[in-house]
Amino acid sequence: MFGRGEAALCPSVKIRLLFAALREIFAFLMSRLFLFALVFLSAPLALADDQLAITVQHPWMRAVPDVMDSTAVYMVLVNTGSIPAELVGGNTAIADSVAPMITTKEGEGLKQVFGMQSVDSLKIPAHGTLVLEPNGNHLMVMGLKEHPKEGDQVDFTIKLEPGDHEIHLKIPVSKKPVK
Amino acid sequence: MNVVSSKTAPAPSPSPKRPFFDWRVWTVAIVLLVAVVLSVLLGVKQQAQQGFFGMRMFPLKTAYDFKLNAQNGTEIRLDQLQGKVVLFLFGFTHCANICPTSLTNLADVYQALTPEERKQVQIVFISVDPNRDTSQTLEQYVTSFDPSFLGLTGPKSAIDQTVLAYGGSYEMVAGSTNQPNDYSVNHSAYTYLINPSGKFELLYGNEKLVDVQHMVADIRAVLRERLGSP
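Line by line, the protein sequences are chains A and B. The opening position of the first sequence corresponds to residue 1 in the numbering used here, with each subsequent residue numbered one higher. The opening position of the second sequence corresponds to residue 180 in the numbering used here, with each subsequent residue numbered one higher.
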């Protein structure tokens, strides 16, 4: 029955078989899609509390003269996780308070003025970074009780959300950016 | 027009006579023309960049002769600094980000000059917050960045006149507590360069000051300008 025709029909049969196999695989995958979705969607919920994946790079505190009652802390926060995070503040024994600040620019040309504004939080997108740098976003350290000098190290804690997350750091004090 | 006429002409004509306005010739010509125009434009742009790093004022005008107070109430006028390149900026000592950044950068610029050049350069910080910044605090503040720096302030009217004369601006912004001394100051963050003849010559946005090499080149060019002028 398949005698001589077999050889001639062979390629198209193979293609048909291939398609059939692909359909099978697809149907199988679709039936499992529900399970996959369940696993993937629930992952962030499970990780939210203790899996905030933030690393801190190049932190430094500006060394300021004794007449100043405030200073600034700069760093790069890298979010290696898939959950967006927020920097909400910090604390240190050498000052009264720490607050996230943004730099504001208003007006154009010669009339342009710079200012700073306290914000509730600074966002660190999932798989993104938050850069705190001179002239830009920073953590303002207010009510200095001590004036650490260039080369000193200061214990400094930053607070992140979600999950009341804290990161304890030893931050070098410097007049210039620490790379 | 010529392109159209060349299209109507039989291009792959078997005859050895080639049409004069061949489309290939035109393509090459247009490409060449575009290349020439682009290179000229880029060249012009580069030439403009080879000028000053700061924004140059045109025409140069005599700088407003501010009259403010240094430490112990000593009156300092801009005219007294004539013969020097003066770089000044507005700010206040409670400023934790912009002002220290600018002053640190300017200290680097100043230190990058030769000792001979430094004698001809004066960096001045003008506080727009005389309420909290006494001339003594100011002195301690600015000299912590570089001992040569001059901190000036004065009565509000003198400060306002100075800020206005240089086209700047500032405003007090109340803090979160209702304490009278809890406020911040939004202010112009430019650095103004006055040349040795007392003319306001160059303007720098605060983000430019970090580029020590270009800042130094500008200061040297301004110093040379004076030597070159009759």
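These are computed hints drawn from the structure, not numbers from a lab. Be a bit skeptical, because a hint or two may be false.
[Stated by the list, open to error] Okay, derived cross-link-like pairs now, DMTMM-like style, lysine to aspartate or glutamate, Cα gap no bigger than 20 Å in a straight line: (1) B:Lys387 - A:Glu133; (2) A:Lys111 - B:Asp325; (3) A:Lys175 - B:Asp325; (4) A:Lys175 - B:Asp287; (5) A:Lys175 - B:Glu350; (6) A:Lys176 - B:Glu350; (7) A:Lys105 - B:Glu350; (8) A:Lys111 - B:Asp287; (9) A:Lys149 - B:Glu254; (10) A:Lys176 - B:Glu386.
[Claimed, not checked] Covered by chain A, per the in silico footprint, the following chain B stretches (three or more residues, Cβ under 8 Å): (11) 278-285; (12) 332-342; (13) 364-378.
Don't be surprised by glycine CBs; every beta carbon is placed ideally from N, CA and C.
Hint by hint, which ones does this structure get wrong, listed from lowest number up?
2, 5, 6, 8, 9 and 12
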